[in-house]
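Visitor: If you want the building blocks of each chain, they are given just below.
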Amino acid sequence: MSEVQILTMAEMAAAGKEPEILFWVGCAGSFDERAQRITRDICKILNHVGISFAVLGTEESCTGDPAKRAGNEFLFQMQAMMNIQVLDVYNTKKIVTGCPHCFNTIKNEYPGLGGNYEVIHHTQLIQQLIDEGRLKAEGGESFKGRRITYHDPCYLGRGNDVYEAPRKALEILDADLVEMKRCRSNGLCCGAGGAQMFKEPEKGTKDINIERMEDILESKATIVAAACPFCMTMLRDGVKGKDKEQEIQVLDVAEITVRVNGL
Amino acid sequence: MIGQIIFIIILAAAIWLFSKNVGKIRRNILLGRDTDRSDNPGERWKTMALVALGQSKMVKRPFAAVMHLFIYVGFVIINIEVLEILVDGVFGSHRVFSHPLGGLYGLLIGGFEILAVLVLVACVTFLIRRNIGKLKRFSGVEMTAWPKSDANYILIIEILLMTAFLTMNAADHKLQLLNFGHYIKAGNFPVSDLLGPLLPDRASALEMIERGCWWFHIIGILAFLNYLPYSKHFHILLAFPNVYYSNLNPKGKFTNMASVTNEVKAMLDPSFVPEPAEVSRFGAKDVTDLTWKNLMEAYTCTECGRCTSVCPANQTGKLLSPRKIMMDTRDRITEIGKGIDQNGKDFKDDKTLLDNYITREELWACTTCNACVDACPVNINPLEIITEMRRYVVMEESQAPASLNNMFGNVENNGAPWKYSAADRLNWKEES
Ligand code: SF4
Ligand code: SF4
Chain Z
1 MSEVQILTMA EMAAAGKEPE ILFWVGCAGS FDERAQRITR DICKILNHVG
51 ISFAVLGTEE SCTGDPAKRA GNEFLFQMQA MMNIQVLDVY NTKKIVTGCP
101 HCFNTIKNEY PGLGGNYEVI HHTQLIQQLI DEGRLKAEGG ESFKGRRITY
151 HDPCYLGRGN DVYEAPRKAL EILDADLVEM KRCRSNGLCC GAGGAQMFKE
201 PEKGTKDINI ERMEDILESK ATIVAAACPF CMTMLRDGVK GKDKEQEIQV
251 LDVAEITVRV NGL
Chain C
1 MIGQIIFIII LAAAIWLFSK NVGKIRRNIL LGRDTDRSDN PGERWKTMAL
51 VALGQSKMVK RPFAAVMHLF IYVGFVIINI EVLEILVDGV FGSHRVFSHP
101 LGGLYGLLIG GFEILAVLVL VACVTFLIRR NIGKLKRFSG VEMTAWPKSD
151 ANYILIIEIL LMTAFLTMNA ADHKLQLLNF GHYIKAGNFP VSDLLGPLLP
201 DRASALEMIE RGCWWFHIIG ILAFLNYLPY SKHFHILLAF PNVYYSNLNP
251 KGKFTNMASV TNEVKAMLDP SFVPEPAEVS RFGAKDVTDL TWKNLMEAYT
301 CTECGRCTSV CPANQTGKLL SPRKIMMDTR DRITEIGKGI DQNGKDFKDD
351 KTLLDNYITR EELWACTTCN ACVDACPVNI NPLEIITEMR RYVVMEESQA
401 PASLNNMFGN VENNGAPWKY SAADRLNWKE ES
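Protein sequence lines correspond, in order, to chains Z and C.
Under full-length UniProt numbering, the first residue of the first sequence is numbered 1, with each subsequent residue one higher.
Under full-length UniProt numbering, the first residue of the second sequence is numbered 1, with each subsequent residue one higher.
For the record, the hints were derived by calculation from the structure and aren't laboratory data.
Check before you lean on any hint, since a few could be wrong.
[To be verified] Straight-line Cα separation of at most 30 Å, DSBU-like style, residue types lysine-lysine; simulated pairs:
#, chain 1, residue 1, chain 2, residue 2
1, C, LYS351, Z, LYS44
2, Z, LYS93, C, LYS134
3, C, LYS265, Z, LYS206
4, Z, LYS203, C, LYS265
5, C, LYS57, Z, LYS168
6, Z, LYS136, C, LYS265
7, Z, LYS199, C, LYS134
8, C, LYS285, Z, LYS181
9, Z, LYS203, C, LYS351
10, C, LYS136, Z, LYS199
11, Z, LYS44, C, LYS60
12, Z, LYS199, C, LYS46
13, C, LYS148, Z, LYS242
14, Z, LYS181, C, LYS429
15, Z, LYS93, C, LYS253
16, C, LYS265, Z, LYS44
17, Z, LYS94, C, LYS134
18, C, LYS60, Z, LYS220
19, C, LYS285, Z, LYS136
20, C, LYS60, Z, LYS168
21, C, LYS57, Z, LYS93
22, C, LYS419, Z, LYS206
23, Z, LYS206, C, LYS429
24, C, LYS134, Z, LYS240
25, C, LYS265, Z, LYS220
26, Z, LYS244, C, LYS57
27, Z, LYS181, C, LYS57
28, C, LYS148, Z, LYS94
29, C, LYS60, Z, LYS206
30, C, LYS60, Z, LYS181
31, Z, LYS203, C, LYS429
32, C, LYS253, Z, LYS242
33, Z, LYS17, C, LYS429
34, Z, LYS203, C, LYS419
35, C, LYS46, Z, LYS206
[Stated by the list, open to error] Reference excerpt, derived from the structure (chain Z facing chain C, CB under 8 Å, subset only):
#, residue
36, ASN108
37, GLY139
38, THR222
39, GLN246
40, GLU247
Glycine residues also receive a C-beta, built at the ideal position from the N, C-alpha and C atoms.
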């Protein structure tokens, strides 16, 4: 990581500069060990294509998504307004997020509270870079012929109709792409959304991520591409639960992009 | 003459009763809170044309889509014929459109007959599918006796109506061939012609059959019309306004509660003076805390179960069923409506949607994935009701599950749902 420069907005501002884009890391991306790797990979991509970016660092706080979806609108709006204040101090215009929940909340729910930014998810950024020819699939690990399936995060797909961007990022891999029987708008939730991540599931016959695992097994994919840190956790637990750690890998679209480009 | 008078009395009574019941549903819907859905009329008309008129969300299940299309198109087009029956009934005429329409009339009748057969096929298929084919979508805790028989009644009534229509035409056609009375030669009867051999040859008997079926058909239709307000079949009317008033925002966007915004602004900035707003409850405990749109959706629900069949919570055996959320909401607002009818405007009882109808276990099982919202063929949003009720439980009662309270505490104190220090937020930069 030493070669990747990661500056905070505060550091940028102190140097009298404004970055092109603010990278909103999110709580999972900041604290969850597995998601931290994705965070670093997103930085590598930004760095590789030469986009000037910065993070908020210790000034970032939870967007309020889990609070809002659990019904705590007070806490959500407190978080939102404090975050908006910080973002506005730095004159933020464009934000890329590493998490569909942050993406959805800042893009859709912050404007009503005075926070207006152009918000994109990291898979959309990757797609744009591919479209512009700034990002290719060369120089690194080959995915040729490997069977990859993609799991749609609810807050990216159904929530915001982003279905193509992550697929586009995988299409350039020359891999064997397969869809699960439940995909796109019909995709099955990983079980983490709506604050479920932070509580025990209600009683039922099985956990949702195990149900999803069955779709994955049926697809016979050896790599499951994810685009959300929560999906990542749930899918990995599913893989563990089915004792398939040797056969099936769960990788974020950003990680795959980093690997194929040898970053 | 006597026939005409009886007909007009029946017609007037049917229309009066129907408007009265529709009026009640309208009143019940308006017991909901206000919400503004008047923006963007262009987009709204377009959505209505696509989703309600064009049935665009039905195609996900092609078999059901085709069968439903038969019934839908049949219903819409056969109404031209119903119009003729109404005119004939009021003025004592017979096939009044046959003269002015000439050749076109024959084509129309031919078309109606074919549609009638398609409707019959679809209804019989649906009956078999519901009662013999063990489709999971049609069972479930909320599909108790009434919703099950409601669906069957609708199908049986439609079968009877179509059979009466074809028998009436068959008898009519035979009478035409006999040059009997006022039964003038009118058009093609491609399907009912085939039924001819099953009917007697005597003109008087044929006339009795024709008249009998005519009255049965039209009284049946008027009775059916008055059955609608009590049935899920009411969707044939409400689907259109309901889709028109759809949520046009991205599905992931939840409403920001304005009342909360005021309080939060005042907390963050003591100099902020909020506009005086009416103090209402945070979230929904009962149906009257929901918006009129939520209530309109409850009356629009067709109980098709597409929402429930894609719900991840439901599929993994949890108690939650988005269809039940909609049916409970409708049952509860209907109950309040009845109370108002009997006891006046200020009627109150000691029941609420929360707990008496929908349990907390159901509410907490939802992952807010929007699968139900996406699946609904008439753009109903069960998730909004779930969220509103969670808001009540959390903000008014402080009764969130303990683990969620922990999460709230962490967000409030550490700025993250986990118990990590905000100072460690950039630690990811160093590791690996
Ligand atoms: S949003 Fe909730 S109720 Fe609807 S399908 Fe998803 S989990 Fe089920
Ligand atoms: S809410 Fe929609 S999908 Fe669910 S049962 Fe009612 S009509 Fe069907």
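Visitor: Confirm or reject each hint.
Guide: Hints, one by one, checked against the model:
Taking the CA atoms of LYS351 of chain C and LYS44 of chain Z, the gap is about 58 Å. The hint is violated against a cut of 30 Å. Taking the CA atoms of LYS93 of chain Z and LYS134 of chain C, the gap is about 55 Å. The hint is violated against a cut of 30 Å. A hinted pair counts as satisfied when its Cα atoms are at most 30 Å apart, and LYS265 of chain C with LYS206 of chain Z does not qualify at roughly 43 Å. With a C-alpha separation of about 39 Å, the suggested pair LYS203 of chain Z and LYS265 of chain C falls outside the 30 Å cut-off, and the hint is violated.
For the suggested pair LYS57 of chain C and LYS168 of chain Z, the alpha carbons sit about 26 Å apart, so the restraint of at most 30 Å is met. Using a Cα cut-off of 30 Å, the hinted pair LYS136 of chain Z and LYS265 of chain C is violated, with the two alpha carbons roughly 47 Å apart. Distance restraint check for LYS199 of chain Z and LYS134 of chain C: the Cα-Cα separation of roughly 35 Å exceeds the 30 Å cut-off, and the hinted pair is therefore not satisfied. Simply put, LYS285 of chain C and LYS181 of chain Z have alpha-carbon atoms about 38 Å apart, too far for the 30 Å limit, and the pair is violated.
Note on LYS203 of chain Z and LYS351 of chain C: the hinted pairing holds, with a Cα-Cα distance of about 26 Å set against a maximum of 30 Å. A threshold of 30 Å between alpha carbons decides the hint, and for LYS136 of chain C with LYS199 of chain Z the separation of about 29 Å falls inside it, so the pair holds. Between LYS44 of chain Z and LYS60 of chain C the alpha-carbon distance is near 41 Å, which puts this suggested pair outside the 30 Å criterion. Between LYS199 of chain Z and LYS46 of chain C the CA atoms are separated by roughly 41 Å; this puts the pair beyond 30 Å, and the hint is violated.
A C-alpha spacing of about 39 Å is found between LYS148 of chain C and LYS242 of chain Z, which places the hinted pair above 30 Å, so the restraint is violated. Straight-line distance between C-alpha atoms of LYS181 of chain Z and LYS429 of chain C comes to about 38 Å, which puts the hinted pair past the 30 Å bound. Proximity of LYS93 of chain Z to LYS253 of chain C is assessed by CA-CA distance (about 20 Å); at most 30 Å being required, the pair is judged to hold. With a C-alpha separation of about 39 Å, the suggested pair LYS265 of chain C and LYS44 of chain Z falls outside the 30 Å cut-off, and the hint is violated.
Of the supplied pair hints, the one linking LYS94 of chain Z and LYS134 of chain C is violated, its CA atoms being roughly 52 Å apart against a limit of 30 Å. Using a Cα cut-off of 30 Å, the hinted pair LYS60 of chain C and LYS220 of chain Z holds, with the two alpha carbons roughly 25 Å apart. With a CA separation close to 54 Å, the supplied pair LYS285 of chain C and LYS136 of chain Z exceeds the 30 Å bound. Between LYS60 of chain C and LYS168 of chain Z the alpha-carbon distance is near 24 Å, which keeps this suggested pair within the 30 Å criterion.
Distance restraint check for LYS57 of chain C and LYS93 of chain Z: the Cα-Cα separation of roughly 37 Å exceeds the 30 Å cut-off, and the hinted pair is therefore not satisfied. A hinted pair counts as satisfied when its Cα atoms are at most 30 Å apart, and LYS419 of chain C with LYS206 of chain Z qualifies at roughly 28 Å. For the suggested pair LYS206 of chain Z and LYS429 of chain C, the alpha carbons sit about 37 Å apart, so the restraint of at most 30 Å is broken. With a C-alpha separation of about 34 Å, the suggested pairing of LYS134 of chain C with LYS240 of chain Z is violated against the 30 Å cut-off.
For the given pair, LYS265 of chain C sits about 52 Å from LYS220 of chain Z by alpha-carbon distance, which is inconsistent with the 30 Å threshold. Of the pairs offered as hints, the one joining LYS244 of chain Z and LYS57 of chain C is violated, with about 37 Å between alpha carbons and a cut-off of 30 Å exceeded. Of the supplied pair hints, the one linking LYS181 of chain Z and LYS57 of chain C holds, its CA atoms being roughly 19 Å apart against a limit of 30 Å. Restraint check for LYS148 of chain C and LYS94 of chain Z: not satisfied, since their Cα atoms lie roughly 53 Å apart, outside the 30 Å limit.
For the hint pairing LYS60 of chain C with LYS206 of chain Z, the CA-to-CA distance comes to about 26 Å; that is within 30 Å, so the pair holds. This hinted pair checks out: LYS60 of chain C and LYS181 of chain Z have alpha carbons roughly 13 Å apart, not beyond 30 Å. With a CA separation close to 39 Å, the supplied pair LYS203 of chain Z and LYS429 of chain C exceeds the 30 Å bound. With a C-alpha separation of about 34 Å, the suggested pair LYS253 of chain C and LYS242 of chain Z falls outside the 30 Å cut-off, and the hint is violated.
The suggested pairing of LYS17 of chain Z with LYS429 of chain C holds, with an alpha-carbon distance near 21 Å, which does not exceed 30 Å. A threshold of 30 Å between alpha carbons decides the hint, and for LYS203 of chain Z with LYS419 of chain C the separation of about 26 Å falls inside it, so the pair holds. Distance hint between LYS46 of chain C and LYS206 of chain Z is unfulfilled; the C-alpha atoms sit about 41 Å from each other, more than 30 Å. For ASN108 of chain Z, the interface hint holds, the least distance from its beta-carbon to any beta-carbon of chain C being 4 Å, beneath 8 Å.
At its closest, the beta carbon of GLY139 of chain Z sits 21 Å from a beta carbon of chain C; the interface hint therefore is violated under the 8 Å criterion. For THR222 of chain Z, the shortest C-beta to C-beta distance to chain C is roughly 24 Å, which exceeds 8 Å, and the interface hint is violated. A cut of 8 Å between beta carbons decides the hint on GLN246 of chain Z: the least distance to chain C is about 23 Å, and the hint is violated. For GLU247 of chain Z, the interface hint is violated, since its Cβ never comes within 8 Å of a Cβ in chain C; the closest pair sits about 23 Å apart.
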